[in-house]
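Visitor: These protein sequences, in sequence, are chains A and B.
Mind the numbering: the first sequence is residues 1 to 322 in our numbering, read in order.
Mind the numbering: the second sequence is residues 1 to 159 in our numbering, read in order.
A portion of the hints provided could be inaccurate.
From chain A, some residues computed to sit far from chain B (all C-beta separations above 12 Å) [to be verified]:
#1 His-90
#2 Trp-136
#3 Ala-138
#4 Asp-147
#5 Ile-172
#6 His-177
#7 Leu-181
#8 Asn-193
#9 Phe-204
#10 Val-208
#11 Lys-239
#12 Val-288
#13 Met-293
#14 Ser-295
Beyond 12 Å from chain B on every Cβ pair, some chain A residues (computed) [to be verified]:
#15 Trp-91
#16 Leu-93
#17 Ala-140
#18 Ala-170
#19 Leu-209
#20 Asn-214
#21 Asn-242
Keeping only pairs whose Cα atoms sit at most 25 Å apart, straight-line, the calculated SDA-like set for lysine to any residue is [to be verified]:
#22 B:Lys-61 to A:Asp-190
#23 B:Lys-127 to B:His-114
#24 B:Lys-145 to A:Val-316
#25 B:Lys-148 to A:Pro-228
#26 B:Lys-61 to A:Leu-226
#27 B:Lys-148 to A:His-130
#28 B:Lys-148 to B:Phe-92
#29 B:Lys-61 to B:Ile-122
#30 B:Lys-127 to B:Ala-104
#31 B:Lys-145 to A:Ile-314
#32 B:Lys-148 to B:Ser-100
#33 B:Lys-61 to B:His-29
#34 B:Lys-148 to A:Thr-227
#35 B:Lys-61 to B:Gly-158
#36 B:Lys-148 to B:Asp-85
#37 B:Lys-61 to B:Thr-40
#38 B:Lys-148 to A:Tyr-196
#39 B:Lys-148 to A:Asp-190
#40 B:Lys-148 to B:Tyr-136
Just so you know, the hints here were simulated from the structure itself, not pulled from any lab data.
All of these numbers come straight from a predicted model, not from anything done at the bench.
Each residue gets a CB set at the ideal place from its N, CA and C atoms; glycine is no exception.
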Amino acid sequence: MTTEMHGRRVALAILSICTMVSSAIAADSEYEAQTPSPSNMDSPAGHGWVSIQAQDLYSHGDYDGPAGANSGNVRFYSLQLNAAYFVASHWDLHLGIPYISSQYTGQFAHPQLPCPPNCTPVEIDNGRYHGYWQDWDAGARYHADIDGYEIAPSLDVYVPSNNYPYYGSASIGQRTHRVGLGVDISHQFDFSNIFYVGHYQYVFDQHVLGINNNYSSFGVDLGYFLTPHLSVRGITDVKLGNGYEDSQILPFAPAPGAPTNGANPIWELHDKFRLQEHADAGATCDYVFGLNMLSVTAAHSFWGNSDSRLTYAISVMLTRSF
Amino acid sequence: MDRFCKLLLPFALMVGASAVFACGESMLHPDQGMRYHGFTTRRPADILVYRPDAALGDSTKQIYAGLQRAGHHLTVIAQEPAAIDALSSRHFDLIIARPSDMDALTAHLDSATHAPALLAVIDDADKSDAARFPQYVRQSDGVDKYLKSIERDMQERGS
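Here chain A stands alone, though its shape is the one from the complex (with noise of 0.2 Å):
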């Protein structure tokens, strides 16, 4: 991937989500009745909506480790699913699940792990696409409405929907069970079109030889209302928690050459417990007609320990209420 071709990318982007805001504002000149939704009705038990996301997320390199932002690229294609569906007023149940095609270029995939057990070779580091779906993500949400501030406390079960591969730079997760729990808060303020949009979620993650994965996962995202259809705003995605940083993990890795009836346990599951902390940045639009919801975002990270260097991510999402 070269430089011109991210410029492109991100100038596409960027015309994206300028043509929403030009066209919106140009058909949204006068106020219009609220759009209907879960959010805003009496009672939405029997309404929920569903949503589709695809998302190309490109990494480079590594904030650490010994080669850095040397260490390859990967790129992440997912198309996401989403539905949830108010069973009484105040409550939802949802689940999700991502399909993602990944692929890693550079000189330095993960080397082979010992055979037996692990004889498969590591094709997904091959420099090919390989797809899987990755975790079940089933929950439930109660949403509540206090003097204008949105609080939604939930509860996720995150449960690995196939033995997709987790050892390799380009491994679509972690393949572990994980326990999420947490809370939205979002709020418009009184006489403004500025808003704000909140999440914190803590995750029990499966412990793997014993190590605390552990996390912590929230961002602030603060918008503004161009029109009543039509919103941009500046979003933040941070997670800091538990695990192994690369230098604990780096002295379990085999050498070069070494026979490959010799790794550790530590290195071969590291791709389950590294620590992986990041900070992103980036701008939503959203856009409302009618019942549905068009999202187009786009994230940088400016800030990470023990993780990929996410170049970015650009994704568009579209949501349906009913």
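With chain A held as given, fit chain B onto it using these hints.
Guide: Using the frame of chain A, we list chain B on its own:
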């Protein structure tokens, strides 16, 4: 241990450059956006709007629509006798009128009753009326300024 590992890093770079990671997050999870929430008052007020003008402009209509959408109950009256009748026959929380019209209306208010709050609509350049009325909006103000003033009035009166 940590210090030892850091010392080991340059060495590992030289002899074991294949031991690199690059494994990280495969997806960004942006929050869902927020739907627009027009302001809804938690203190709905009964408002008498005295507006002697024969025809209402578009901006005035938008202001009245905005007040109603926020949850306030408006009674818009164009004739002074009708306005006085309305004031004597029922209770209003607030009167919106121009300063000169306000004087005419308040002269008929029954001092024994719980007097409505007054929100004067003053000329943009006027300073004397601004000093006379504790709560006022200017003619060029939009609906947000009206809503803020009404909200403040209702809050002060404990509605």
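Visitor: Taking the minimum C-beta separation from Ala-138 (chain A) to chain B, is that value above 12 Å?
Guide: Holds, because the least Cβ-Cβ distance between Ala-138 (chain A) and chain B comes to about 15 Å, which exceeds 12 Å.
Visitor: A cut-off of 12 Å on Cβ-Cβ distance, and Ser-295 (chain A) was said to be off the interface with chain B. Does that hold?
Guide: violated (6 Å)
Visitor: Against chain B, does Trp-136 (chain A) hold up as non-interface, every C-beta pair farther apart than 12 Å?
Guide: holds (14 Å)
Visitor: Does the alpha-carbon distance linking Lys-148 (chain B) and Thr-227 (chain A) stay inside the 25 Å limit?
Guide: holds (20 Å)
Visitor: Should the label of Val-208 (chain A) as a non-interface residue stand, given a Cβ cut-off of 12 Å to chain B?
Guide: holds (14 Å)
Visitor: CA of Lys-148 (chain B) to CA of Phe-92 (chain B), is that 25 Å or under?
Guide: holds (18 Å)
Visitor: Is Lys-148 (chain B) within 25 Å of Asp-190 (chain A), Cα to Cα?
Guide: holds (9 Å)
Visitor: Test the statement that Phe-204 (chain A) is away from the interface with chain B: the closest C-beta pair must be farther apart than 12 Å.
Guide: holds (17 Å)
Visitor: Holds or violated: are the alpha carbons of Lys-145 (chain B) and Val-316 (chain A) at most 25 Å from each other?
Guide: violated (37 Å)
Visitor: Taking 25 Å as the top limit, are the C-alpha atoms of Lys-148 (chain B) and Tyr-196 (chain A) close enough?
Guide: holds (21 Å)
Visitor: Asp-147 (chain A): least C-beta distance to chain B exceeds 12 Å?
Guide: violated (7 Å)
Visitor: Verify the proposed pairing of Lys-61 (chain B) with Ile-122 (chain B), using a straight-line Cα cut of 25 Å.
Guide: holds (18 Å)
Comparing the model with each numbered hint stated earlier shows that hints 4, 5, 8, 11, 12, 13, 14, 18, 23, 24, 27, 31, 33, 35, 36 do not hold.
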